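Asks: With the hints as a guide, bring the two chains together.
Going line by line, the protein sequences match chains D and G.
Residue 8 in our numbering sits at position 8 of the first sequence, with consecutive numbering throughout.
Residue 568 in our numbering sits at position 568 of the second sequence, with consecutive numbering throughout.
If you're looking for bench data, these hints aren't it; they were derived computationally from the structure.
In this text the structure is predicted, and so the values were computed from the model without any measurement.
The reader is advised that the hints may include incorrect statements.
[Unchecked claim] Cut-off 25 Å, straight-line C-alpha distance, at most; resulting in silico cross-link-like pairs (BS3-like, lysine-lysine):
| no. | chain 1 | residue 1 | chain 2 | residue 2 |
| --- | --- | --- | --- | --- |
| 1 | D | Lys-42 | G | Lys-21 |
| 2 | D | Lys-42 | G | Lys-269 |
| 3 | D | Lys-188 | G | Lys-21 |
[What the hints assert, rightly or not] If you only want the chain D side, here are some residues facing chain G, beta carbon under 7 Å, derived:
| no. | residue |
| --- | --- |
| 4 | Gly-25 |
| 5 | Pro-27 |
| 6 | Gly-33 |
| 7 | Leu-39 |
| 8 | Leu-109 |
| 9 | Leu-139 |
| 10 | Leu-151 |
| 11 | Pro-166 |
| 12 | Asn-174 |
| 13 | Arg-176 |
Where a beta carbon is used, it is the ideal one built from N, C-alpha and C, also for glycine.
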Amino acid sequence: MVRAFVLLAPGGPAPCRVLYARTFGTPPGAGPGGPRQRLRRKEQLLVVARQVASQCQLLQASLGRPSSPQLPQLPDEPVSLQDAPGGVFQMSPGDPFPERVTVVWLSVLALAFALVCEPQENLSLAEITLRRLAPRLLLSLRLLGPGADVLLRPDAADGLLDRLLPHGQMLFLNERFLQAMDRELGLKVSR
Amino acid sequence: EAGPEAVDGLQRLHLSVAATKYPRKLDGKFVEQLQTVLCSPKSPEQIQVLCAAILREMSPCNDLVLSCDEIQDTKLLSLVSSVLLAQGSRGEVAAVGQRVVQGLERRLPEGQSARFLLPVLANVISLSPGSLTEEQTNVVSKKLADWLRYASIQQGMAQPSGGFFSSPRTKQPAPITEVDGAVATDFFTVLSVAQHYTQDQWLNVQAFSMLRNWLLCGLWPQEGCVSGTPLVPVPATPGRLLPPRERLRDKAFAYCQRLVEQSTRRPLKKEDGDLQKACLIEAVTIMDIICKQDSSYVCRAVSCLKILHSRICGDATYARALLPIAQLFLNHSKQAAVDSDAIYKHLFSDIPALLFHNPSLAFEFVQFCKDNSQLFTDSSSIFRQSFPNLFKFLAWNSPALISEFVDLLPFLLDPGTATEIFHLLLDLPCLTAALDIQLRAAALPVSEKAGADPAGKPATCLEAFHHPLYRSMFQYLLRSRAAPEDAPDSLVPLRQLLGSLAGSPRVVQCAETVPVLLELFFRVVAEFADGSLINQLVVLLLQRSDQLYDIPAFKEDVVLGSNLAMLCGLRPALVVELSTEILEFSGAVSNIQSKEAIFTHMAWAVGEFLSVSHDKRCTVEQITRFFETLEAVLFEITQLRPQASTPSCAPRAISVLMATLTKLAARSQDLIPRVSMFLSKMRTFVQSPAVTSVYCEEDLEEILIRATELMNLLKMPSVAQFVFTPPVASTRFQKEVNDSLPLALRMVTQLLEPAAGSMPV
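Just chain G, with the same shape it has in the complex (with noise of 0.2 Å):
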């Protein structure tokens, strides 16, 4: 006899299988009776609701006997069938299926409701769409197509409660009404309203909540949960009924066209406008899906929505729906000759500048992006060109939808777009702490707006919005399409301005995403990019190296120097074609402070590719030119009694310039000299107190020793030469030679100074 304390067991036995995840093993007989218990009729609804959570926790099952063909109550079977379709079996899966068509076919018991059979078959198509004959989904189709369509329009009536008002009152039963309150004058749907609700119209709810699901999987078995091709759709004939399938075609699409008249209206529940909303984007995606097994229905779809495009394109709080809307013109304008160009427009210029702030549109509108990620490939279309708005979605959503821009980022990027995606991506915290005052700017009253005194300076961000010193360059940044030649000269202003915002948690979450777009972003360009465009994008890194959003942590994270590396090795011409440009750069003693990776990086760029062998215009001056200008750099960083302006830096900057001036002079024999006296003079160097109290001993120790065998190296000019021109390869194999230089040079050092016992080979 079950009662309270076998519930209790129950439910202390559900927790203790489902709390870990190894297996526990319950006695063989147990599972059986727990079968038993389920499925017999006395048991109350609790106990058979716990023995089906425990089955499940348990499942697979190896001593399952369930079965749901001699279950009668519609309730039970849905319980049962949730054990069986855990199993993972697909003849269980089939079995299921066919038990639950059969019960749709046939007339149910008297107090049973099919209510409770639909989501079984949702579920048992989705787990396995082949699982139903052609005849049953035939079967279910007509069903489908009734119960969608022929609802009763009219409320059912209260339960009898019992009591003193239970006698029955010859009461007519009021016409159902719209959300809004006006009575119904067409069929019954999901956005109907009534007091109590008859079952064909719980059917009703049941069937529109699994139609776009049963269009995608259940009306072709054969093919699977495709939306793809067709079978050739039958024509009507008049006056013959049309096939299950038409008829359930056509029956939805008049469904959905009802629910788009629907969901404008002003419900009275606040809470149904969510609904409204859900329920159009689901009508237009069904629409969308008609129109693709049966291309007739695209003039009609198209022309619907041409006017609930117009009647909702203002109104934000539908912004959602016209991602369906536009996915459909997507599909399908073509065929229907219709321009939508508008509808696009629209929907990239207007809605992410308006909206960015919505995470859920955010998301949908970057899937949406990446589901037509062929719409990008054209680099004049309104899609491509909307670049900048679509990145305000990440700037403010960036832990969500990081990802999705990793997918993204690829499609955007073309020669046109390279230069100004690279400063968008070093700008974006910028950009999120923009938008952030561009809100906060839009909540102010009116009368606040008008902001503080344009002659003077803006004493905090919010006024500065508005300021004629600072407007054009929020602008600028804050626009919705790609202006290259718009760029302000510089955005140093504003990013100072806005540096207060720089420790706010989302503009600190958005700098976390950059360094891995960044990454992204030059492994992508390295693959089409010219001459001219990797030139330019040189130039920008080394400018835009200082111009970083004050953000601790984001300059280190930003790892521009390797990419510098990498861009040199692709084209090693470069050195030679912007040396003025680098000259610049590294003649600045105080970049090696402030811009260490990135200046390490550009020395050892310019011992690796400047040489004839790179670039038959590299002259004996250049090198002579650059020689100078590192050396004097080298020399202001090891001086001896190192003053306050001295900058410091890391021991590998110095180990660097060193190598650098010896490649350099290797290739310049008038230069070894030179070098060999700098070199010959760094033991003094390592030892000097005042330097000692800076760089620990490893590090000391390491330059001393690199200081050692480049000098030995130099003795042998014609090796060093070969040493340090080697073959012009791809940048893998740069790689690979600058890793294996050190080894190299080791080797060499051993064998001018063979140290005590070994044999010089």
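Just chain D, with the same shape it has in the complex (with noise of 0.2 Å):
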């Protein structure tokens, strides 16, 4: 199962923010209750996407790419994600989380999308379905085009999440399957 997802700007030389965070229930008995719990689930969805900011700006760097590259001139403009770079990393128990979880990510012109995943996880669908939320996000959420709102949108990205990763499950959809999503939700992706 997925923990969370979080939506990031990585920033460069900016720090990192976080656009957007879903977590998919909440472990009972672990840890305080009450409003510390609360503040321990927003810190440790920023320390995830610290780290995703820090390996995707490692990676960029690796890869020879500037680390904060430009927004397309056309907001319309299908976003290909042939070259998006992605990874995978572990974080150990306690650091953040109180057992062991596996991020994975990918990373979108200005913009980093995260699982954060139970170990043992399906590392192979993780990124499928990362690389499925990504430009439908981007795509209902406008996310390219100017004054981008995705901060007041939470019902566009939470329609989303609840059809292709409904409470953190993954969902094994061919293409078919795929396509017919996209007509319940009304999305005309690009493909």
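Replies: Put into structure tokens, the structure is as follows:
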């Protein structure tokens, strides 16, 4: 299962920002209750985001690319995920989650998408899920246009996650199933 | 009435709640209202989603009165569950679980689909494995088995869209197809293709997606999420239906076998290829779990996977699937009495060399090694011998894998591999550069691969790859297996050649991981190394200290000096045993400049350990020989009028040399006059104009103070001997003594030269 999904702006020189984060349930009995639980959740996700940003910048550097890529000129230009850099790393128990987690991430232009997975999760499927979430989120949230207002449209992000990653469950959807889902969502995704 | 302003307002509210990590208080009545709106069937979906998002964002929530008991709409139930599961309460999780199972058991109202309930269930058992009763898990297992095995094998009908073409035609539903277009001849799976899908086909997808989790956590509520001890499996009696648990395993296994067959078909849509591989990995993993739970499946699994392996082992795109296959064999092949060595050999010898640049494979491969670390304890095994291949993953993907290698390295180290791994670590950035060239050379068109004129020198690194002068060095660096005997005499020419790549970002990132690994290396080796290995490592340390890849900062960061001192502390006798090598190293004046840290630590070690109390074989002649060698170096660097050829060095080196000479003199008292005379000249040295321009005032003063203290100490030879020859003890004690030495010296100085106003004790 996926524990959390994070959409962040890795920054470059600027510090990384979490633009949207969604956790899928809180394990009972794991730590403090009340407002401290919420605080801990936020901080855990920020730690994940920072680590993703750091790995992203290091990978961009090793590939010889500029660390803050430019947005495309036309907001409707289809974004190619062909060469989108991505990676996977592990976070040890206690840092920041009580148990070990594996983070799979993908970077598209000036944004990064990350899935925080339980250990032993199917990482191939996680990568596929990210590659499907990214363009659909970019489309629904109009993340590439000016005045990107992802922060103000959690319902659009939630709607997508509720279909492609319901309650943190990744789905084995072949292309036809995916098309059927896009039809249900009313999405026109370029193929 | 909920209109666009309401939407806007809720969105802004969500932002203000989410934007800060500190608690925001919302009025209790308002929170109650949010919940009411969420559950009201009249609310538009967007508003419901926003209310749920806000409530989740505020979790845990004291004012929550939400309950899923009365909700009939499955989509709404899923949404409300997401809020309830965010509270972190075992009771809430259990309540959601009960309600969902109830929903699955009974007939759902018209238009509702169980499709939205399964993910909730998956989340429930993942958060709190024991929250369902055995009866409830049996209900679910039974349903899952049916959905997996008996989904419709005909395509669904398109939803009527209204308009001109909405008149129903009597059209036969088409059969489902495989991903390669062939008509399917067996039951429906996630790799089945249709234009439109039926509800039970959606359930098939959901069921498989949660299957692994369910088999691990859902089947045994008592034991929670462990894949360990299986309950005694109930054997099938002919004519009777299997119990739900066993029946599910049976259908699941059949599903996985079908996926294995489907996953090597050639897909019409390229993207389906990725899913095929993911399905394959999942299928093999589930088979492994089933085999652990019921060993009667092992034979079938093993024979199925042997065939699969022979089909995919030559295809690099299926490489990631080789790992779960190998894992299954590791877990069960002993039982099936199957020889799986060929599988492991292919995995460890070929795959890393070919696919080190694939970051996902690299990560999963290293995880595999960590998960099976017991394999590496057998030093002759293929796993242990393949460590050069494993390091290729790290060399190429350093930032992502360094922490994994910190965990893995201790398992690779033993007396047989230590020296080879030492060299490998120091040459790790070189390996990165060599891998880069190997990749580029492989990408060249065949015509260019012929290479340049073998008689001449290669103009570029790329040309050098095939050049006879460098080929064997490249081959050694890029070897797949441990080969301590095959090491070429020197890799120096190769390192120099690769110097042009020393600035490349990937190489630099790799270089940054080496110091951490070296520290770990020495810490682990110190635990098992015997005398002969320690001696070997010291000699290698001295040799390699100037044979490092020329990356700026690499030479400084690679802290060999302190590890040298640590090794000497572990085995002080080596100063006597390796006196030839150490004398040679210490006598080369240039070393004090180019390898200052190591030189200084070596000099310190000589002073500390060259004595009869550490090794009975230490003779007066040896002490004198070391003395003369170090004295010559000190003389060279403390000339009053330094020439251009005089090496410059840090003041600390001068201090350590002075201290060492004093210590040696304390043990062979004929040398005392020579040292005293030397030390007395230090005042002139620090005041000489040529010297004051090179060193700063504090440093020179420190040198002078030290020289004076040492001189004073020598005036009381028996005290000096005692101070400088502490009892042989642990390394930490040596360190503490070393640290307290300046203090001891200062005390003695005060005794001998009381400052005005102070009383001698």
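Asks: Tell me if the interface restraint on D/Leu-109 is satisfied: Cβ within less than 7 Å of some Cβ in chain G.
Replies: 20 Å, violated
Asks: Measuring from the C-beta of D/Leu-151 to each C-beta in chain G, is the shortest one below 7 Å?
Replies: Holds - the Cβ of D/Leu-151 comes within 7 Å of chain G, reaching about 5 Å at its closest.
Asks: Is the Cα-Cα distance between D/Lys-42 and G/Lys-269 25 Å or less?
Replies: 40 Å, violated
Asks: At a threshold of 7 Å, is the proposed contact between D/Leu-139 and chain G supported by beta-carbon distances?
Replies: Since the shortest Cβ distance to chain G is 17 Å, the answer is violated.
Asks: Interface hint check: D/Leu-39, Cβ to nearest Cβ on chain G, cutoff 7 Å. Holds or violated?
Replies: 5 Å, holds
Asks: Minimum Cβ distance from D/Asn-174 to chain G below 7 Å?
Replies: Given a least distance of 5 Å, the restraint on D/Asn-174 holds.
Asks: Sort out whether G/Lys-21 lies within 25 Å of D/Lys-42, counting only the CA atoms.
Replies: 6 Å, holds
Asks: Would the hint on D/Pro-166 stand, with a C-beta cut-off of 7 Å toward chain G?
Replies: 4 Å, holds
Asks: Would the hint on D/Arg-176 be counted as holding, given a Cβ-Cβ threshold of 7 Å to chain G?
Replies: This hint holds: D/Arg-176 lies near chain G, its Cβ roughly 5 Å from the closest one there, short of 7 Å.
Asks: Next item in the hint list is D/Pro-27. Is there a CB on chain G closer than 7 Å to its CB?
Replies: 5 Å, holds
Asks: For the hint on D/Gly-33, does the least C-beta distance to chain G fall short of 7 Å?
Replies: For D/Gly-33, the interface hint holds, since the closest Cβ of chain G sits about 6 Å away, which is under 7 Å.
Asks: Taking the least C-beta to C-beta distance, is D/Gly-25 closer than 7 Å to chain G?
Replies: 4 Å, holds
Figure legend: structure checked against the earlier numbered hints; hints not met, in rising order: 2, 3, 8, 9.
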